[in-house]
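For reference, the chains in residue letters:
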Amino acid sequence: MARVDDLTLIEQATMLAIMRQHPNAYGVSVRDEIKKRTEKDYSFGSIYAVLERLEDRGFIKSREGEATAVRGGRKKLYFTITGSGQLTLRASLAAVEAMREGVDLEGAWA
Amino acid sequence: MSKEQIDWRPFRDILRRARFCAVMGEIEWDGSADIVKASREHLYKRYPGLVEKYVDRVKSNGDFDGALDQVIDEYINTIMSNTKIKIPRIIWTLFVYDTLRVGEEFTTIDRSPFRDCELQSEPPREAEFLVGLFAKKRYRNAILRDLAEDFDRDLASGMSLDHAKRRYWAAALNSLGPQALAAIKRIGIVGFVFDYARRWMG
Chain C
215 MARVDDLTLI
225 EQATMLAIMR
235 QHPNAYGVSV
245 RDEIKKRTEK
255 DYSFGSIYAV
265 LERLEDRGFI
275 KSREGEATAV
285 RGGRKKLYFT
295 ITGSGQLTLR
305 ASLAAVEAMR
315 EGVDLEGAWA
Chain U
2 MSKEQIDWRP
12 FRDILRRARF
22 CAVMGEIEWD
32 GSADIVKASR
42 EHLYKRYPGL
52 VEKYVDRVKS
62 NGDFDGALDQ
72 VIDEYINTIM
82 SNTKIKIPRI
92 IWTLFVYDTL
102 RVGEEFTTID
112 RSPFRDCELQ
122 SEPPREAEFL
132 VGLFAKKRYR
142 NAILRDLAED
152 FDRDLASGMS
162 LDHAKRRYWA
172 AALNSLGPQA
182 LAAIKRIGIV
192 GFVFDYARRW
202 MG
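Protein sequences, first through last, are from chains C and U.
Residue numbering for the first sequence follows my numbering, beginning at 215 and increasing consecutively.
Residue numbering for the second sequence follows my numbering, beginning at 2 and increasing consecutively.
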């Protein structure tokens with residue numbers, strides 16, 4: 215297996231949430247998707263810190279939505295996965311799956 | 002008209018719902034004119050008997066115009082004294098006028114003064130300022146917008162303004178740590194302190 219560019223759990227979850235919410239993936243929808251599926255309630259600060267890391271590494275890209283009259287014309291920032299992001303996510307999930315394969319989680323405790 | 006006779010809650014709920022719809026992009030937002038339109042639609046859909054109640058009261062009075070003005074005035078006073086949402090009286094006036102006179106011509110109502118009115122139930126400015134201090138410039142507006150969407154969602158769910166503001170503060174403070182850490186990783190501790198001081202001093 216080729217070397218995997220490591221992704222943390224929250225990075226994996228964020229990228230999967232972006233894919234699930236496409237093309238409507240922005241801060242609130244990503245946070246809500248993660249909360250709905252994992253019951254983990256991350257702050258926007260945490261979500262955007264992850265998004266910043268992922269964007270800096272080229273795994274996602276962002277675009278501004280249309281300005282609305284509400285909230286002083288602030289725009290939504292939409293995120294999408296890039297090609298390298300998809301490859302990295304796939305490899306990262308495959309690595310986890312490879313580690314998990316064959317392990318009897320029910321009887322693994324000491 | 003006594004307070005007991007007037008159920009002001011539907012109006013509060015409808016306004017919150019209308020505002021929430023606007024934030025979520027479900028309706029176009031054009032200041033007070035759209036909130037009146039959206040509110041009226043929701044009012045008829047959710048509380049079909051309410052409008053008729055007040056229209057009947059006005060019509061049974063004989064002197065339609067005079068009675069209407071009086072009812073509207075009392076109605077607005079009651080709504081404003083009962084709701085914690087700080088909405089300019091002028092918006093309530095337009096809203097109630099439109100609600101009671103639905104189906105009639107509104108040519109006598111000059112809407113232009115209402116155009117610039119906005120709801121005043123905004124998130125706490127100090128919390129927004131703090132979030133803005135630590136957030137990366139590229140994401141600053143997006144974070145503040147997302148926090149505001151949660152704030153509007155809370156209000157739309159029927160939460161009081163004070164409670165919604167407390168939740169906004171909590172969410173804002175929770176966001177500071179990760180954003181500060183991200184900033185330190187980005188520019189180092191010295192750069193972070195320098196940048197913080199620069200922003201603080203404007």
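Derived by calculation from the structure, the hints in this document are not laboratory data.
Take the hints with a grain of salt, since some may be wrong.
Said to hold, decoys possible - Below 27 Å or equal to it, Euclidean Cα-Cα: the simulated DSS-like pairs (lysine-lysine) are: (1) 186(U) x 275(C); (2) 254(C) x 186(U); (3) 254(C) x 289(C); (4) 250(C) x 289(C); (5) 289(C) x 166(U); (6) 186(U) x 137(U); (7) 249(C) x 137(U); (8) 275(C) x 166(U); (9) 249(C) x 166(U); (10) 166(U) x 186(U); (11) 275(C) x 137(U); (12) 137(U) x 166(U); (13) 249(C) x 289(C); (14) 254(C) x 166(U); (15) 166(U) x 250(C); (16) 275(C) x 250(C); (17) 275(C) x 254(C); (18) 137(U) x 254(C); (19) 289(C) x 275(C); (20) 138(U) x 275(C); (21) 186(U) x 138(U); (22) 275(C) x 249(C); (23) 137(U) x 289(C).
What the hints assert, rightly or not - With beta-carbon atoms standing in for the labels, derived distance ranges: (24) 161(U) x 298(C): 15 to 25 Å; (25) 126(U) x 301(C): 21 to 31 Å; (26) 189(U) x 298(C): 44 to 54 Å; (27) 160(U) x 223(C): 44 to 54 Å; (28) 161(U) x 254(C): 25 to 35 Å; (29) 301(C) x 167(U): 41 to 51 Å; (30) 316(C) x 161(U): 32 to 42 Å.
Glycine residues also receive a C-beta, built at the ideal position from the N, C-alpha and C atoms.
Hint-by-hint comparison with the structure:
1. With a CA separation close to 20 Å, the supplied pair residue 186(U) and residue 275(C) stays within the 27 Å bound.
2. The hinted pair formed by residue 254(C) and residue 186(U) meets the criterion: a straight-line CA distance of about 24 Å does not exceed 27 Å.
3. Simply put, residue 254(C) and residue 289(C) have alpha-carbon atoms about 26 Å apart, close enough for the 27 Å limit, and the pair holds.
4. At roughly 24 Å between alpha-carbon atoms, residue 250(C) and residue 289(C) fall within 27 Å of each other, so this suggested pair holds.
5. Restraint check for residue 289(C) and residue 166(U): satisfied, since their Cα atoms lie roughly 22 Å apart, inside the 27 Å limit.
6. For the suggested pair residue 186(U) and residue 137(U), the alpha carbons sit about 12 Å apart, so the restraint of at most 27 Å is met.
7. With a CA separation close to 24 Å, the supplied pair residue 249(C) and residue 137(U) stays within the 27 Å bound.
8. At most 27 Å may separate the alpha-carbon atoms for a hinted pair to count; residue 275(C) and residue 166(U) exceed this at roughly 32 Å.
9. For a cut-off of 27 Å, the pair hint linking residue 249(C) to residue 166(U) stands: about 22 Å separates their Cα positions.
10. Among the hinted pairs, residue 166(U) with residue 186(U) is inconsistent with the structure: their alpha-carbon atoms are about 31 Å apart, more than 27 Å.
11. Proposed proximity of residue 275(C) and residue 137(U) is supported: the alpha carbons are some 16 Å apart, at most 27 Å.
12. For the hint linking residue 137(U) to residue 166(U), the alpha-carbon distance of about 23 Å falls within 27 Å, and the restraint holds.
13. Our distance criterion of 27 Å between C-alpha atoms is met by residue 249(C) and residue 289(C), whose separation comes to about 23 Å.
14. The hinted pair formed by residue 254(C) and residue 166(U) meets the criterion: a straight-line CA distance of about 22 Å does not exceed 27 Å.
15. For the hint pairing residue 166(U) with residue 250(C), the CA-to-CA distance comes to about 24 Å; that is within 27 Å, so the pair holds.
16. Taking the CA atoms of residue 275(C) and residue 250(C), the gap is near 24 Å; set against the 27 Å cutoff, the hint holds.
17. Taking the CA atoms of residue 275(C) and residue 254(C), the gap is about 24 Å. The hint holds against a cut of 27 Å.
18. A threshold of 27 Å between alpha carbons decides the hint, and for residue 137(U) with residue 254(C) the separation of about 24 Å falls inside it, so the pair holds.
19. Of the supplied pair hints, the one linking residue 289(C) and residue 275(C) holds, its CA atoms being roughly 16 Å apart against a limit of 27 Å.
20. As the CA atoms of residue 138(U) and residue 275(C) are separated by approximately 16 Å, the hinted pair is consistent with the 27 Å bound.
21. At roughly 15 Å between alpha-carbon atoms, residue 186(U) and residue 138(U) fall within 27 Å of each other, so this suggested pair holds.
22. Only pairs whose Cα atoms come within 27 Å are accepted, and residue 275(C) paired with residue 249(C) is accepted, the gap being roughly 22 Å.
23. Taking the CA atoms of residue 137(U) and residue 289(C), the gap is near 15 Å; set against the 27 Å cutoff, the hint holds.
24. Between residue 161(U) and residue 298(C) the beta carbons are some 47 Å apart, a value that contradicts the proposed interval 15 to 25 Å.
25. A C-beta distance of roughly 44 Å is found between residue 126(U) and residue 301(C), which places it outside the suggested range of 21 to 31 Å.
26. Distance hint for residue 189(U) and residue 298(C): a CB-CB separation of about 27 Å, inconsistent with the stated range 44 to 54 Å.
27. Checked against the given bound of 44 to 54 Å, the beta carbons of residue 160(U) and residue 223(C), roughly 32 Å apart, lie outside it.
28. Hint check: residue 161(U) to residue 254(C), Cβ distance near 28 Å, so the stated range 25 to 35 Å holds.
29. With their beta carbons about 44 Å apart, residue 301(C) and residue 167(U) fall inside the hinted range of 41 to 51 Å.
30. A C-beta distance of roughly 54 Å is found between residue 316(C) and residue 161(U), which places it outside the suggested range of 32 to 42 Å.
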